[in-house]
Every structure is written in C-alpha cells, then in structure tokens.
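Undergrad: Spelled out, the chains give:
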Amino acid sequence: MMSNNQKNNSSQNRNKNNNQRETLKKVFKYIGKYKFYLYASLVLAVITVVLTLYVPKLTGEAVDYMIGKGKVDFKGVYKIITTILVSISITGVAQWLMNLCNNKMTYHVVRDIRNDAFKKIETLPFKYIDSHPYGEIESRVIADADQFADGLLMGFTQLFTGVITILGTLCFMLSVNPIITLVVVAITPLSFFVAGFISKRTFSMFKKQSEIRGVQTGIINEMIEGQKVVKAFNRKDIVIADFDEVNEELQKVSLRATFFSSLTNPSTRFINSLVYTSVGIAGAFAAISGRLTVGSLSSFLSYANQYTKPFNEISGVVTELQNAIACAARVFELIEEDSEIPDKADAVEPEKFEGHVELNDIDFSYVPEQRLIENFNLKVKPGQNVAIVGPTGCGKTTLINLLMRFYDVTAGHISIDGIKIKDMTRHSLRNGYGMVLQETWLKSGTIRENITMGNPDISEEEMIKIAKICHIDTFIKRLPDGYDSYVSENGEDFSQGQRQLLCIARVMMSKPSMLILDEATSSIDTRTELKIQEAFDKLMEGRTSFIVAHRLSTIRNADIILVMKDGHIIEKGNHKALMEAKGFYYNLYQSQFMGRSI
Amino acid sequence: MKSLLVYLKDYKKESILAPIFKMLEASFELIVPLVMAAVIDVGIKNEDGPYIVKMCLILILLGIVGLMSSVTAQYFAAKAATGFGTKVRHVLFKRIQEFTFSQTDRFGTDTLITRMTSDVNQVQNGVNMTLRLFLRSPFVVFGAMFMAFSVDFKAALIFVVTIPVLAIVVFGIMLITIPLYKKVQANLDKIMTGTRENLTGARVIRAFGKEKDEERTFLANNEALDTAQRFVGRISGLMNPLTYILINLGTVAIIYQGAVRINLGILTSGQVIALLNYMSQILVELIKLANLIIQITKAAACGDRIEDVLKEKPNMKDGNIENVSVDNSDVAVEFDNVSLRYEENAGCALENISFVAKKGQTIGIIGGTGSGKSSLVNLIPRFYDASEGQVKVYGNDVREYKARGLRDSIGIVLQKAELFKGTIADNLRWGKEDGTPEDMDKALEISQAKEYVSNKPGQTEYGIEQNGRNLSGGQKQRLTIARAIMKDPEILILDDSASALDFATDAKLRMAIRSMKDSLTTFIVSQRAASVQYADMILVLDEGKLVGKGTHDQLMKDNEIYQEIYYSQFPKEEANDEQ
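Chain order of the listed sequences is W and P.
Per our numbering, residue 141 is the first one in the first sequence, and the count goes up by one each step.
Per our numbering, residue 414 is the first one in the second sequence, and the count goes up by one each step.
Among the clues, some could well be false.
Straight-line alpha carbon distances no greater than 30 Å define the calculated BS3-like cross-link-like pairs of lysine-lysine that follow [as the list claims (entries may be wrong)]:
id	chain 1	residue 1	chain 2	residue 2
1	W	LYS209	P	LYS458
2	P	LYS701	W	LYS347
3	W	LYS368	P	LYS625
4	W	LYS259	P	LYS625
Anything over 12 Å on all C-beta distances counts as not near chain P; from chain W, calculated [as the list claims (entries may be wrong)]:
id	residue
5	LYS166
6	PHE312
7	SER568
8	PRO596
9	LYS617
10	SER625
11	GLU669
Everything labelled a hint here was simulated from the structure, so no lab data went into it.
Glycine is no exception: its CB is placed at the ideal position from the N, C-alpha and C atoms.
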C-alpha cells in the first residue's frame, strides 16, 4: 500500500517535471524570435557581475597603497581610481543595455503570447466557451500572462545573475584567501536554513489567514448586498456581532502571520552579521600573521556582505519561477485548445439566402452519454415563421446553436437552399441570419457602432428610421451625445429592456435573409413588447424566421409551431390546429390563464 | 487618511515602541563599521589578538541585541497594524450597515465591498511597513552621514553631496514612472475588456462575422500596451545603473580623500574602510525608502477611499414612536402627494402619488419596467425618505416611528431573492428569532414552499449556500416569502417576488396569503395582470406617475394603459372567449 503510494507520488513528480520541461520548451520557442536579446542579455549580465565584483577588490588594493602618514603611493591610487571609473562606467552602460534587452524580450514575448491567445479565443468552439467560466479564460490571457512575464523572464535573469554572482564572489574570495573563503562558505547556508524554516512555518499561517479572509469577505458580500433584507428584518446588531466574531479571529491569525513572516529579514541580517564577524576575526588574525593585507580584508568584508544576498534572493526566485511556469502552462493550455473545425477548402459563400431550411435526421448531444436531439426532421419554406416552444431543457436553444453552426450536428445534416451548411463558410452562413438572444450583449463603443455593427454603411436616415421603429430613438436622443454616446461594457447604463431594444435594432439594420429570435422579448414588459411586435412582424415579413419564446402570446401568429420535449418534436402545426388538438400545447397555453380564475 | 489614525489609539504604546526599537537596531548596525575600524587600526596594527577577539565578541553582541530589538519592533508593529485593521473593518462595517439605501446606492455595493476588503488590507500593510521602516531608513541614511562626520569632517562632505543627488535620482525616476505605470494599467484594462467582451459576446461577434475586426482591435491595443510598457521599462531601467554609478563615484571620492588624508596622517586605513562601509549602507536604505514611500502613497489613497465612506454620516433620523399600533386607524398606509428623487438633481422616480390603503385590503401595483413600482413600496418601510409629501402608516408619518418598530410590523419580500448562508431554518428565523418548528411549518405552507422543503435532505436543516446558489429561482422566492411571513407582519409587501413561479402556484400563494389574519394589509407588485386582477385596489404606474387607481373592472372600463397591459398578456379574443 505504502510503496504503491510512493510510486504514485514519484510518477506524479516525474509527470510534473516533464510538464515543466514541456512548458519551458514552448517558452523558448516564443523567445526564439528574440534570441539575440537573450544572448546579449546573458553576455551583458556576465560583464556587469564580474565588473561589479572587481570593484571591491580594487578598493582593497587602493587601501593597501595607503600605508600611513607620508607613505601613500599616489601613483598607485590614481591608477586604481581610473580603473574603477572605467569599470563602473562600463558596468552602468552594460546594466542599462541589459535592462533594455530584458524589457524588449519580456514584453514582446508576452505580447506575442497574448496575441496568440486572443486569436485562439476568436476560433474556440462554443463547446469550450460554454463550459469554461469567462473569468477563468480571461485570467489566463491577462493575469497569468502578466505573472509569467514578471516571474519567468525577470526570475530567469535574476537567477542567472545570482548564480554568476555567487560563483564570481567565490572566485574572487579564493583568489585573495582560500581559508577565509572556507569560513564564509561554511556559515552562509545557515541563512538559507533559517529563511526556509521561517517560510515553511508561516506558509500555514498565511493559508489560515486567507481562509478566514475568505469567510469574512463572504459575510461582507452577503450583508452588503442583502442590506435591505438586514434592515427589513432589523438584524443589524446580530449581523455586526457575527462579523466582529470573525473579525477578531482574523486579527489573531493575522498578527501571527504578519509577525512570524517579518522575522525573516532580522534573522538573515543576524546571520549576515555572524558571517561578517567571522570574516573580521579570521581576516584580522591572518593579517597579523602577514598572510593578508588590510586592503584585502576590506575587500573580503564587502564580499561577505554581498555573498549572502543572492542566496536569499535565489530561494525566492525559484518559487517564483515555478509559479511562472505554472502560469505559462495555463496560457499555453488555452492556446493549444482545438479550434473550430475549419471551413472546407472548397466551401461556397452564398451572398443571399431564399430561406429554404431543411433539417434531415439530426442527432445531437453536448455530452455523448446524454442524448439530446434525436432523429430530428424539419422542412421550412422560404418566408415561413417557425416558433419553437416547450419546457426548459427541451432543446429549443440547442436547435438555434445548430442552425447557426455554433455546434456541429453529430449525425444528419442541415441545409439551406439545398446547400449543406457544412459546405459553406461559417461566415456566410451566419451572415445569412439575424440573431437576437435573451442575453443582451453590447460592446464598448458608441451606440452608433453598436447598432450599425452588421451594416456599417447604413445611411443616417435609414438608421434613425429603424431606431424609431424599435422605440430607441427617443431615449437615445435624450442622451448627452445622442447616437455617439458611449456604451460602457455590457451597457450597464441602460435598462435590460433598452439593451434588448438596441440589440433588436442592430439586427434590423443588418437586413438579414433569415431571423433567429431566442427569447428576444422576455426581458421587456408586455406592453412595450406589444409595441415593438409590429416592428418584428415587419422584420419577419418574407423572411424565414425561427422564434423561441416562453410567452405563448407572442408566437400565436407563427406559420409552424413546434412543440418540443426532450429533444423531440411532439406536436407541430399552427396555433389554431394545436389548440383544437387539445394536447401538450393546449395545456401549456391554458396554464397561463389559470391564475385568472382564482 | 489622517482621521483613520484615530483607530491606532488603542495601540499607542506599540505604535511608539515599534519605530523606537527599529531605530535601536539601526544604531547598532551603524556602530559595526566603527568596531571593525578599531579591529584594523588597533588590533591588527598592534598585533593584539585578545583585543580582536574582544571586539568580535562585541560585534556578535551587537548582532544579538540588534536581532532582539528588531524582533520586538516587528511584534509591536504587527500588533498595532492588525489591531488597527480590525478596528477599521469593524467601524466600516457598522457604518455601512447604518447607511440609508440612497447612501449605499451612491457608493455601489461593489465599491463598498472593495473598501472593506482590499483597501483595508492595503492600509493595514501600509501601517505595518511605516511603523517598521519609515524611521529606520532615514535614520540609517542620515546616521551613516552623521557617523562619517564623527570619523572625519572633510571626508563626510562627500556624503553630504552624494545623498541628495542619490535621493533626486531615486525619487525622480519614481515620480516620472508612477503616472506612466498608470497609463500601462489603463492599456491593460483595455485589452482585458476586449478579452472579456469577446467571450461574453462570442455568439454575437461570430453571428455578425466580426472576428477579424475584433482581432485587429485587440492586436492594436496589445501593441499599445507593449509600447507603453517598454517606455516605462526604459526609464525605470535607468535606476540601477545610475545609482550604482553614483555610489561608486562616492567611493572613488572617499578613496581619493582617504589617500590624501592618510598621507597627511589625519586618517587611518581602518577609518577609510569604515567610511567605505557607510557609503554602501546608504544605497540599500534609500531604495527601501523609495519603495516604502510608493507603498505608503498607495495605502494613503486606499485610506482616503475608506475615509470617504466613514465621512458619510447616516442621514436618516429616527422618530419617537416605539411601535405601530394597528388599532390607531382604519387606514393602514396612506400616500399623500408623494414624490421621490434618488438624487437631488435627478429626475423624479415617483411623482405626486396619493392613495389610501385600508386595513386588511389587498393592493395590486402594476406597470412596466422602470415605472416606479419598487420605489413606491420601498417608501413604506422607510428604505428611502420621500422627497416631497408624506407616507403614513397607521395614522403616523413613517418618519415619526422608530425605524425598528416600523419595520417590525412590515414584512417585505424584495424583487431580488436574497438568502444567507446557513440552514433553511436559520434563514426563516430571521423573521422570528424564537420561531418554533410549527411557525416555520405554517410559513412554508403559506408560501407554497412546504413541498419542496420537505423533499430536501434534512428538510428545514438543509444547508443553503452563499446567495442561495443551490436553490432554483422559484425556490428562493418562496423561501423569502416564508421568511417575511414568519414575522407575522401587519403589512405584507411582495415586490414582484413571485415572478419565477408558474401561474398556478402564484395563484395558490395569493389565496393562502388571503387566508391569513383579517387585519393583514397586502401589497402585490407585479408585471402580471393575473397577479393583481383580484386586488381590492390596483395602482397603475407609468414612468413614476400614478395613472390609474381602482378595481380591475373599473380600470378595464376607463384606463387605457391598464387595458394595454392586460391585452398584451391576454389577447382580446382569448379574454372574450372566457367572458
């Protein structure tokens, strides 16, 4: 049992390592384009580090030229001063160039990755979009890419310079005095150990802190959003008492986490001072015995000071690197998702449709285990209005998804004017339909941009004419900039009804060959709906239309009403015929009026 | 920010001791180079082994004392900061709960939540860092200069020049880059919006075939972000090389001065080494200080935002009448020429509304979206105050009651069904703290929730997740109705709170409510004509005005808007069929 577990663990670790290596490979592929900057950065890093380390040695030598009163070797001192000046100039320039190289490489790589990620989003199949929370996909493109930039590329250079600094310092120290070097090398791991010890302890405290913060944020969310309820039920005092309880708990946990984590710096500083003292004592005795000059001791003391720094940094950098690789992996996961099946090479591009829609023996399911639509057949003549009704989950919206080819049928085929929709480009198919969905979506931009989206060349008069038909002209005119007023993301400034009217206007202006209305009026009150019904009727005139609605009063005039249940058509006919049949539709229709007789 | 510091009051001792201990630690650090100078000038020069050992023991002692004072300082700082944060959160939460809804609306719930969470955390961190570093860093910088003076006046002048120049470079670069970073953020926000829009609007974008346009926009925005980032990068990338060069110029100057002064016999080599040491200490602390200042400005901005919330005083005065007494009057609710504006200069949400609701009546309120239905009923439990006119409940202006007493007698079910994490019973007990299982049973029965609740595992002990996520819309609505019924109110208000119920259940619910006590006055707000049809009086609202008042039959005769609403839901032939 035990050994099995261990085996699993080790194979998991191997997997993880493999994944990390895979991700790194992909990262390097992106860096490839900017290889020059990478190499330049590495060379410049070496120059910077070596020269930076050279200066303390020079300083020490300078001190050695100052033996005492009247015995200073000015010639030697000047020579060293010039050398220092030259080397710091070179260092400064090299460092700046290195920063520029890193900048360019980092930001360009992130830009390229983001571009690829976005291009992928534009071609993702709806199966992916519908089954992943938007926030999650968005954070891959934004936050993860950012984290990756900060962590991986910065971390990479830091790791590289850190390692060179350690090695360089060691070489310089060895070149001056091997024994004292040993002293430094022996004590520094202590600092590592202490920092590791503290961060391991504090990790669980921070975890606890964020847990309690989570609980508290939950309470804050609930109680601020539900403030009306809190007031209506006079619960203010109880709610505050509950809040305070968690708040005090948070205080305790926060204090511990904050305090213990803040011990890292003083502790490593203390270790550093131990190193410093040891170098001092060893160096001083070496100096007495003549094996070390005072200047070399001075160089040693500054080496001892900077030797521990990269160690502390590296431990942080390694975790950051791992985090960055994980972030990169998440972005790559998105980029590597399958796109929609591309259009056929010889796909046709019909400009206009007459509207002869045919569905032949269609099967479809979102998940293989759960069959949704089976053996579905339907023939629609040009200009016919087809209404689809049925209980929630019966497949109404799915049918729309198939018509627009947001999803592909599993079996059978759909054709328009005799052409299978698989044989035409998605673009031309979707252009053929005007679509209004229950969920209103407006893009950030002006109202004009939004409503003329499908027909940017529409004339001003035509636009206003249609706006009037859709009852949006009045309220748009009241806005400070009229049709050029800015719609913030998702049109939050407008009421749900107004947003829907804008979406309807958008479709009307695009003058599509066919129409799809999926619960288009469910968020508009019935009186307004009645008013725009006229506009809808005009829009549907002569156009093949598919209408999904739950308010049955809105679809009574349809040519064909399909009553769907569990993916099948159970009744089909016009309103009158279905009412006379006294079947499912009849009952559904009557249930709207039940309330009246009580 | 300043007024928030009051909440540090309870941690006066800690807030003073933390920086003091920090300074103590720093001063020990400043002594180190001098001790080392003594080791070189006395110990090595005289080849005095015991002296060297003694001095090194002093160094270790300094290290230990430094460590201890630093740990003490960190503890005090952490204690003061977390205590401060806790206090601010408490005060803030309490204040927000006292706000009137116009005040809450003005800030917006999202804003308030951010203020309570991330803003307070930022300020707490800011306080912590300030207590720890704000005195330490300047102390080390100026301490180093001061110590340099103690070594040699002329050499110390190098410090006097280097420090301000360094400070100008460090702070200058920061000042230049801060607004540039904001620009970067704005660019990032743009591509974030673009990404989100292309997800939420994927169907529309693809239906209109706009993928290429969107891609072009995104690529352009991303390019702008890249350019902005590199521009800032170029400037902030100057920080390290420039400071490095400056510090080393200082070093060179010290070497030169040192050479001259040693030659004159004024300085020893140990002292020169000490001076070099002080020079290198300055840079680290200056950069820390600059970073600290950025963090403090950020924290101060958060603090100001918190202050804005606290500055807002609850502006609803309580009246004197303890409780609503039903025997006072036959009129349960009376609106006398009531107008409501949510903000002073905004248009009227309600305009000159007058009506009388008698005890025991059922009042229906109907109208389109945005017609003012919710605004009207929100005035009854005094969620808002009327801008003009009077709202009376049982003979008294609602402003004359104590809010607690007034709301105790009113059960209101809001449009948005809001439930809280806890069991069903916990939620029901909001209506009646000591509610018995029988009370709950009755309330659930009236609200038509009994059946589904008894099908839940654990029944009334069934756990509800945050915001009632694990219940359907209709289930949530019925539960909020039950919660209001638990109160056994005198006035029951249902604000479009049965919209997710099917027509039959809605009708049963209304019947059950009618069977409650005779004195119960009920307000039913709805978009459905069927829901208000049998009310004793129907109020028809349109764009904030009362355009009709009467029974269904009266309104069907002479009210055009009511007829329009009615026929939009019950087409004429259908309605005729039934008559």
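Undergrad: Report holds if the minimum CB distance from W/LYS166 to chain P is greater than 12 Å, and violated otherwise.
TA: The assertion about W/LYS166 holds, with a minimum of 19 Å to chain P.
Undergrad: Verify this label for me: W/PRO596 is non-interface relative to chain P, using a Cβ-Cβ cutoff of 12 Å.
TA: Check fails; 10 Å does not lie beyond 12 Å.
Undergrad: Once the closest CB in chain P is found, is it more than 12 Å from W/PHE312?
TA: 16 Å, holds
Undergrad: Closest CB-CB distance from W/LYS617 to chain P, is it above 12 Å?
TA: 16 Å, holds
Undergrad: Is it the case that W/SER625 keeps its Cβ farther than 12 Å from each residue Cβ in chain P?
TA: 17 Å, holds
Undergrad: Can you confirm whether the C-alpha distance between P/LYS701 and W/LYS347 stays at or below 30 Å?
TA: 27 Å, holds
Undergrad: Measuring Cβ to Cβ, find out whether W/SER568 lies farther than 12 Å from everything in chain P.
TA: 8 Å, violated
Undergrad: Do the alpha carbons of W/LYS368 and P/LYS625 lie within 30 Å of each other, as the hint requires?
TA: Violated, at roughly 46 Å.
Undergrad: Can you confirm whether the C-alpha distance between W/LYS259 and P/LYS625 stays at or below 30 Å?
TA: Distance ~9 Å between W/LYS259 and P/LYS625 Cα, so the pair holds.
Undergrad: Is W/GLU669 truly not at the interface, in the sense that its beta carbon sits beyond 12 Å from all beta carbons of chain P?
TA: 6 Å, violated
Undergrad: With the threshold set at 30 Å, check whether the alpha-carbon distance from W/LYS209 to P/LYS458 stays at or below it.
TA: 14 Å, holds
Hint compliance for this structure: hints 3, 7, 8, 11 are not met, and every other hint is.
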